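Enquirer: Residue strings, one per chain:
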Amino acid sequence: MTYRINNLCVRQGTETHLDGITLDLPLSGVVTVMGRTLAGKTTLLKVLAGLQAPDSGTLERDGRNLLAIPAWRRRVGMVYQQFVNYPHLSVRENIVFPLKRAGLSADAIARKLGYVTELLGLGELLRRRPAELSGGQQQRVALARSLVKDTEFLLLDEPLVSLDYKLREQLRDELRRIFRDGGDRLVVYATTDPLEAMIMQGQVILLHEGKVVQAGDCRDVYRRPANTTAATIFSDPPMNLVKGEIADGHLRIGVGVGSDVPLHFRDLPRGAYLFGIRASDVELGGSGIGARVALAEINGSTTVLHLELPFGDMVLLMEGVHPHAIGDQVALNLPPSRFFAFDADSQNLVAAPPVD
Amino acid sequence: MRAFYLLLKVAAILVWSAFVIAPFLWALTTSFKTANGVTGGPTYIPWVDYQPSLAAWQGLFGSGAGSIDIVGPFISSVMVTLSASLVSLVLGTLAAYGLSRFSYKAGPVGNSDLTFFFVSQRIMPPVVLAIPFFLMLGWLGLLDTVLGLIIVYVALLLPIAVWVMVDFFNTIPKELDETAMIDGCTPIEAFWRVILPNAVPGLVVAGIFCIIFGWNDFFFAFTLTFTQTQLLPVAIVSLNSSVTPWWSLSASALISVTPLIVVAFLVERYLDKGSIGGRK
Numbered sequence: 001m002t003y004r005i006n007n008l009c010v011r012q013g014t015e016t017h018l019d020g021i022t023l024d025l026p027l028s029g030v031v032t033v034m035g036r037t038l039a040g041k042t043t044l045l046k047v048l049a050g051l052q053a054p055d056s057g058t059l060e061r062d063g064r065n066l067l068a069i070p071a072w073r074r075r076v077g078m079v080y081q082q083f084v085n086y087p088h089l090s091v092r093e094n095i096v097f098p099l100k101r102a103g104l105s106a107d108a109i110a111r112k113l114g115y116v117t118e119l120l121g122l123g124e125l126l127r128r129r130p131a132e133l134s135g136g137q138q139q140r141v142a143l144a145r146s147l148v149k150d151t152e153f154l155l156l157d158e159p160l161v162s163l164d165y166k167l168r169e170q171l172r173d174e175l176r177r178i179f180r181d182g183g184d185r186l187v188v189y190a191t192t193d194p195l196e197a198m199i200m201q202g203q204v205i206l207l208h209e210g211k212v213v214q215a216g217d218c219r220d221v222y223r224r225p226a227n228t229t230a231a232t233i234f235s236d237p238p239m240n241l242v243k244g245e246i247a248d249g250h251l252r253i254g255v256g257v258g259s260d261v262p263l264h265f266r267d268l269p270r271g272a273y274l275f276g277i278r279a280s281d282v283e284l285g286g287s288g289i290g291a292r293v294a295l296a297e298i299n300g301s302t303t304v305l306h307l308e309l310p311f312g313d314m315v316l317l318m319e320g321v322h323p324h325a326i327g328d329q330v331a332l333n334l335p336p337s338r339f340f341a342f343d344a345d346s347q348n349l350v351a352a353p354p355v356d
Numbered sequence: 001m002r003a004f005y006l007l008l009k010v011a012a013i014l015v016w017s018a019f020v021i022a023p024f025l026w027a028l029t030t031s032f033k034t035a036n037g038v039t040g041g042p043t044y045i046p047w048v049d050y051q052p053s054l055a056a057w058q059g060l061f062g063s064g065a066g067s068i069d070i071v072g073p074f075i076s077s078v079m080v081t082l083s084a085s086l087v088s089l090v091l092g093t094l095a096a097y098g099l100s101r102f103s104y105k106a107g108p109v110g111n112s113d114l115t116f117f118f119v120s121q122r123i124m125p126p127v128v129l130a131i132p133f134f135l136m137l138g139w140l141g142l143l144d145t146v147l148g149l150i151i152v153y154v155a156l157l158l159p160i161a162v163w164v165m166v167d168f169f170n171t172i173p174k175e176l177d178e179t180a181m182i183d184g185c186t187p188i189e190a191f192w193r194v195i196l197p198n199a200v201p202g203l204v205v206a207g208i209f210c211i212i213f214g215w216n217d218f219f220f221a222f223t224l225t226f227t228q229t230q231l232l233p234v235a236i237v238s239l240n241s242s243v244t245p246w247w248s249l250s251a252s253a254l255i256s257v258t259p260l261i262v263v264a265f266l267v268e269r270y271l272d273k274g275s276i277g278g279r280k
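So the sequences go chain by chain: A and B.
To convert, note that position 26 of the first sequence is 26 in this note's numbering; the numbers rise steadily by one, no gaps.
To convert, note that position 140 of the second sequence is 140 in this note's numbering; the numbers rise steadily by one, no gaps.
One chain only, chain B, in its complex shape (with noise of 0.2 Å):
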């Protein structure tokens, strides 16, 4: 019978597991074809179903005819979103300490409100707030600027990051932050040198998903942007003609799911060195 749960199991990952692997290795095979091997159906195996061609992975870095440089817009969008996601993690977790530790009233609105407030901005649809950044980014002269595109990133991400502090902070037990401060700190010194250090699964978890959420964002880097700054979701789909290329558009999309999986594998690591024990 254990034997029989066993196999369910090991079963039961290697479906999972090739459902999510599946579409990688059929996106790689696929960069590697030329439009004759893409369209003349299905073949799998290199050398032998089809003559692999490097001609897709050529096209993102060339200037010839039907390529494009895709190495402007990774830059700009590895810049965009490690920007942004600083700025939102560092000013995010500011604001998630305050709302977890102290209380705020102003009228009927409490600390419950303002944490409401910072998460109801990522309720409304992406259409809501395209034309009011258009018109801001538009008066301040940042629009299709790099600079232009870390500041909406910002106000996308920061609710993400206080959101998840704000649950993270209640975690920890107010006695700490008391006893730092009946041991010498100041409140300030408190956070800084107790409560932060154990605050670091947190932290990481939140930089992720603004660094997820940044990096993914199609409808943003595309109402905001013209000719001088393209990023990657932008350049991939730009590609797109009358004839779909198949094989540029898997090679692209695996450039652009590239930083993810390193970013996965070095959380994977931290986590598996114990989180539990916070600051190593």
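Isolated chain A (complex conformation) (with noise of 0.2 Å):
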């Protein structure tokens, strides 16, 4: 009982989109897909709802061959980063649009327009035009427009990321709770964001270039990327990696810093290694690495520094609002026990730090 995408490739022109997308989606619950802008994210949500035919490859429910199934057959909604209404509509025809095309009676949409406008608040803007409303309001009505019909999967294209940082918190609140009370259907939520995916929980899959880099729950692929791409993808400030290596029961990275070979790494063969950290690991402070501050931003509650570093450049997040000056000398603490080891050649997964 699964969506059962096998080798889906769409190319335009020179183009490649989708690079032979293989993957088994649950029939509900909460799927997200991840990857940077073009990863082909977007290309992937039309072809399932239908408004892109693949050059080849299958996507069946059940053995039953979806891609027969044109979009207005196929029973999906979805939701644009763009906020997408009917502008020559009010809010409330926008709304029952999809249930009209269906043929339901009058009492029905009564019903469901009633559910539907309590959930997400529109009860007041009915009368409106989708043009007299704000960004917000109108990604709600959009919403709204997905929710009311009955469909077996609903698609959403990063419908937060034109919103402003407070509704974009508050939107990201109240779907999730949508989604748990959902009921019966799969949703697939597209974004640049790791924190939403995280925060969205359930399966995560993500795209690079076209292809799948890794997919699983989104736990797993936080703990244990497969590979520096999915590293970078699923973390941001993307993880920082350092060419680096052990031997002599030692680790270095850059030149002259080494320490011990922490636990999780005792079991690695000696040799060169791309050793990676996420930013909220590296510390400020003690008689570390020497850095110069290249860029330092304070967003909301963190505070992010671009550091220089002999051996190339880090990204360091903190909680908490503490100014620094572009150019500042700070010294850095790179605990070994947070490093991820990747393959210096291969670039994959070797070794990954313990769960707290």
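The set of hints was computed from the structure by calculation and includes no laboratory data.
Model, not experiment: these values are computed from the prediction.
All C-beta atoms, glycine included, are put in the ideal place defined by N, C-alpha and C.
No incorrect hints appear here.
Pairwise CB distance ranges (calculated): (1) 127(B) x 15(A): 42 to 48 Å; (2) 127(A) x 260(B): 37 to 43 Å; (3) 228(B) x 53(A): 52 to 58 Å; (4) 127(A) x 17(B): 37 to 43 Å; (5) 193(A) x 111(B): 32 to 38 Å; (6) 53(A) x 106(B): 17 to 23 Å; (7) 120(B) x 53(A): 29 to 35 Å; (8) 123(B) x 12(A): 29 to 35 Å.
Fit chain to chain and form the complex, with the hints in mind.
Expert: This is the structure in structure tokens:
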């Protein structure tokens, strides 16, 4: 009882948007599709919706070929990054549009409209036109239109990215609540933000250049990213990567910075590695490595420092507001117990730090 | 300083208005003059400067010597212009939607080439088209008929409709069509129920262009008709004889321009109501 996607390819001219996607998706729950811009997220969603025909590959639900069903009979909902509503219709007419198309009775339409208006708090806006609404309200209307109908799956293409910070947090929490109570449908949620993926929970699929890099439970993917690509996509800011080696019972990064081999690297053979450390695991202070502050950002309640080290650049993220001037010299502590180790050639994960 | 700019603005508007309105007033006074009134030097105020006469106007609806019947050509012109504009608008809108939303490929020929092909019909001078049109209408037995003129005018107006509507459809995001299909519309229903209602401002602009170009055409109305069918611009010019009858020319020019003024006022009222919201 699953959606089965097999070897899906989409090309346009010389560009490859999807390159052999093979996946099994559950019939209900939330699946987060993550990847950078142009990774193929939107194309994958469009194929699922029936808006884009793949060049090759199959899409089945319980053995039923979904590709043969056109978008208007596939029973899907879709919410775009841009707020797409029907400009010539009022909010009420927008929301009931799919119900009218499906030929529901006036009673059923009124009942469903009432339910979804309450769910998304649109009661007072029903008579307005989309152009008279704020961005957040417009996206709510789009969401209401996709939730009001009886769908097998719901596709959301970066639905929060065009909203401001506060609205994004608010709507994100609402979405999680709606999806949890949402019943028997599969929600496919595309985003570039790892935090959103973590909040949505469930399965995560990492896309990169039209290929699946890794798929699995979001906590597992976070704890054990399959390779450096997965590690950089699924952490924000991207995971810091530095070249180093394990030799003679020591771990070395850069030139002359060494330490004992941490416990979780004990079984690794000696040789060259790429070590990864999350920005949130980099610490300030001590008699550590000297670094120069290249850029300091304060985002809400966190501080992000972009640092220049003798052996490369690094990003540090810490809770709280800590002003630093550009050009400041700071000392860094890189705890080896938090290191990931990737194979220097294949860039695949060979060891990850233990879960606390 | 502010008052000075305001003064400057008002002055500019007044000058421009005079520039636009004066020819109409001139034509209006001239149309109420007799031959002597026109040639006897400049006069402006009726009953004071000159004695107004309805002779010119009567000449346009009469059957006496030196007069023509303008009603027939007027009706023919309305029929040809409206029919051709309507057909062009319908065909042009459908063609433009296709060109805006789907990609066509035949060897090296793609969408932009097709769009250009439509528009290119208006690039060459009309004379080039006169002989082919004449021959084709001759074969079809449609020379000197209203139907023949409608067909030719569709050929002339269709590029305008396509051009305006392709531009307009390109401003409507494709996601709107996609959303409509996801909400249960077939592609044709998506066009009809969602895209078309949101394209009304474009339809109005394209329609106006079609009506203006169709109404004002003289060349094809002149070359493709002889005695049975006559359109307004040709009828007006045919007033000309050895003496230019300025008075009846003025009266007929005013008649000719009236429908366009009516259209302009209707459209202005419509645009006022808020074309941004689409359908009312």
